[in-house]
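Chains as they are written, first to last, in our numbering: chain A, 23 to 337; chain B, 23 to 337.
Hints listed in this document are in silico derivations from the structure and should not be mistaken for laboratory results. We put the CB at the ideal spot given by N, CA and C, even for glycine. Each statement offered as a hint is correct.
Chain A regions said to be covered by chain B (calculated; three or more residues, Cβ under 8 Å):
id: 1; region: 47-57
id: 2; region: 270-279
id: 3; region: 286-292
Number of protein chains: 2
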Amino acid sequence: MDIEKRLLGKDKRAAARLISLLENKDPEGLEILKKLYHKSGNAFVIGITGPPGAGKSTLTDKLAKALRKQDKSVSIIAVDPTSPFTGGAILGDRVRMNDLSMDSGVFIRSMGARGHLGGISEATSAAIKVLDIMGSDYIFIETVGVGQSEIDIVKNCDTTVMVMVPGLGDDIQAIKAGVMEIGDVFAVNKSDRDGAKRTAREIEMMLDFNKDVKWRPPVKMVVAVDNQGIDELLESIHMHRTYMIDNELFDERRANNAKNEVVELIKERIEHTILDKSQKEEKLEYYAKRVADREMDPYSAVDAVFDDVKSALQV
Amino acid sequence: MDIEKRLLGKDKRAAARLISLLENKDPEGLEILKKLYHKSGNAFVIGITGPPGAGKSTLTDKLAKALRKQDKSVSIIAVDPTSPFTGGAILGDRVRMNDLSMDSGVFIRSMGARGHLGGISEATSAAIKVLDIMGSDYIFIETVGVGQSEIDIVKNCDTTVMVMVPGLGDDIQAIKAGVMEIGDVFAVNKSDRDGAKRTAREIEMMLDFNKDVKWRPPVKMVVAVDNQGIDELLESIHMHRTYMIDNELFDERRANNAKNEVVELIKERIEHTILDKSQKEEKLEYYAKRVADREMDPYSAVDAVFDDVKSALQV
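Model the full assembly from the supplied sequences, consistent with the hints where possible.
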């Protein structure tokens with residue numbers, strides 16, 4: 023017991039326990055977080071995103087090790103919105119069954135889509151707060167892919183690194199277009215491979231289109247597996263943070279992130295209210311069946327359910 | 023004008039126009055859809071999903087061509103939740119600037135994440151209805167990747183084909199675990215490549231775990247680019263449909279899909295109501311700033327905003 027005291031004493035098991043409680047929307051866990059929330063805000067939260075196969079886990083590990091040499095404490099949350107697993111041994115952990123997990127200054131956690139109530143983005147926000155309160159200097163949020171869920175997740179971050187890799191084919195090129203804007207720093211990993219320079223050039227060209235932005239995201243060449251370019255990448259990450267602070271954009275981004283979180287939490291609460299109420303009364307099933315049978319169109323069904331929702335919110 | 027009459031006369035441009043109207047939540051478009059909704063429900067809606075690079079576009083094209091030989095009309099919606107583009111020349115269309123697009127019995131449409139109001143899953147649902155009303159015998163919904171958004175999208179389908187491919191690396195293997203359950207039929211594409219049999223075996227092993235399910239998803243080997251295994255895959259897709267109908271699961275799935283859609287539409291409407299109202303009053307900004315400044319925790323902010331939301335919903 024006394025998770026609170028243990029967390030403030032940098033006990034990693036207390037952090038893990040509190041994150042699990044929050045994943046389950048445990049009221050006690052929530053009370054602890056609310057009470058300690060004012061102690062958060064000191065960690066530098068870094069998103070690591072990019073397509074599958076880009077080597078994000080390895081890159082995150084190397085960045086973490088570089089920071090450990092400077093005696094900084096580091097937390098890593100590996101988030102997989104498509105995985106049913108949480109907390110345990112998925113992806114991130116599997117790769118990391120190495121010296122990092124033995125290091126007392128490193129906390130590692132996997133989060134999946136299920137195993138917690140509510141959205142994964144909200145669960146990630148809560149975990150960040152816990153690790154921030156624990157006193158982590160750096161918190162890495164690593165995603166598995168780069169879809170809409172991942173975009174929502176990195177909205178919790180101060181700086182986002184978009185990891186690219188040469189030769190991932192046309193589909194990946196198409197994906198890039200929609201997500202370029204979330205990258206504050208770009209890393210071309212496996213840059214000893216053929217086509218790395220072309221990939222970097224393509225990123226630069228895309229960045230050229232975005233003339234509104236004052237911060238020009240740097241594109242760094244790395245070979246994570248050989249520890250090449252890691253220090254330079256870390257420098258770029260810090261440069262972005264300094265730029266944000268100097269231009270009064272840092273507080274703005276954090277306010278924006280907070281706004282996103284509050285909106286998501288409201289949506290989540292309303293959703294539960296609707297579903298609980300409508301499920302209980304089996305109204306949703308009734309209307310869904312009518313829609314499926316083509317007796318009623320879905321838009322009229324929404325009108326019908328909506329009145330019900332309003333009264334549910336009066337509770 | 024008179025989109026309604028033209029749509030019922032199988033005019034593809036009328037369908038395209040109506041889909042655009044619906045993407046923009048145009049009230050007139052919505053009225054047409056509500057009026058004609060009872061004419062929908064006859065098309066067989068097939069989801070084609072899987073990781074980037076699996077060759078989903080090519081496979082969809084070949085399936086469409088096989089159906090055209092049987093004189094069936096076919097619609098293809100290529101959905102990319104991470105692309106900012108819509109309606110125009112992204113991915114799907116680019117690859118398909120071939121004989122298919124010249125065929126009067128084929129309708130092709132791309133949908134991106136933006137360029138329409140509301141969620142992409144709801145926009146896809148609306149487009150399916152339009153093409154169904156137009157009299158398409160088959161509607162293919164093809165996704166670009168396989169994240170959470172894509173899972174939501176294929177919840178609109180009667181049968182979902184999960185396309186795999188040999189040698190996509192460890193990250194893809196990890197992704198598979200969470201999404202296996204959405205596949206009713208599996209296709210191992212590019213099965214002339216090394217490792218295809220191993221990929222098929224791995225899929226079979228994963229399917230072995232799922233003992234609850236009566237329908238055992240078949241795993242078919244295809245080489246889409248050479249038109250190999252396409253007829254056999256199509257047969258499996260039809261077998262799944264027959265199985266669903268024979269076991270009274272078809273109506274159940276459609277009712278479930280309808281329920282998902284109604285819930286999503288309600289969430290969407292509530293979200294707009296909250297955001298409109300809160301933005302206007304700048305309350306959200308006020309609380310977000312307090313949260314970012316650590317003067318208030320986000321959970322208490324939600325409590326504070328919630329009262330506001332309730333009154334907004336009274337409108």
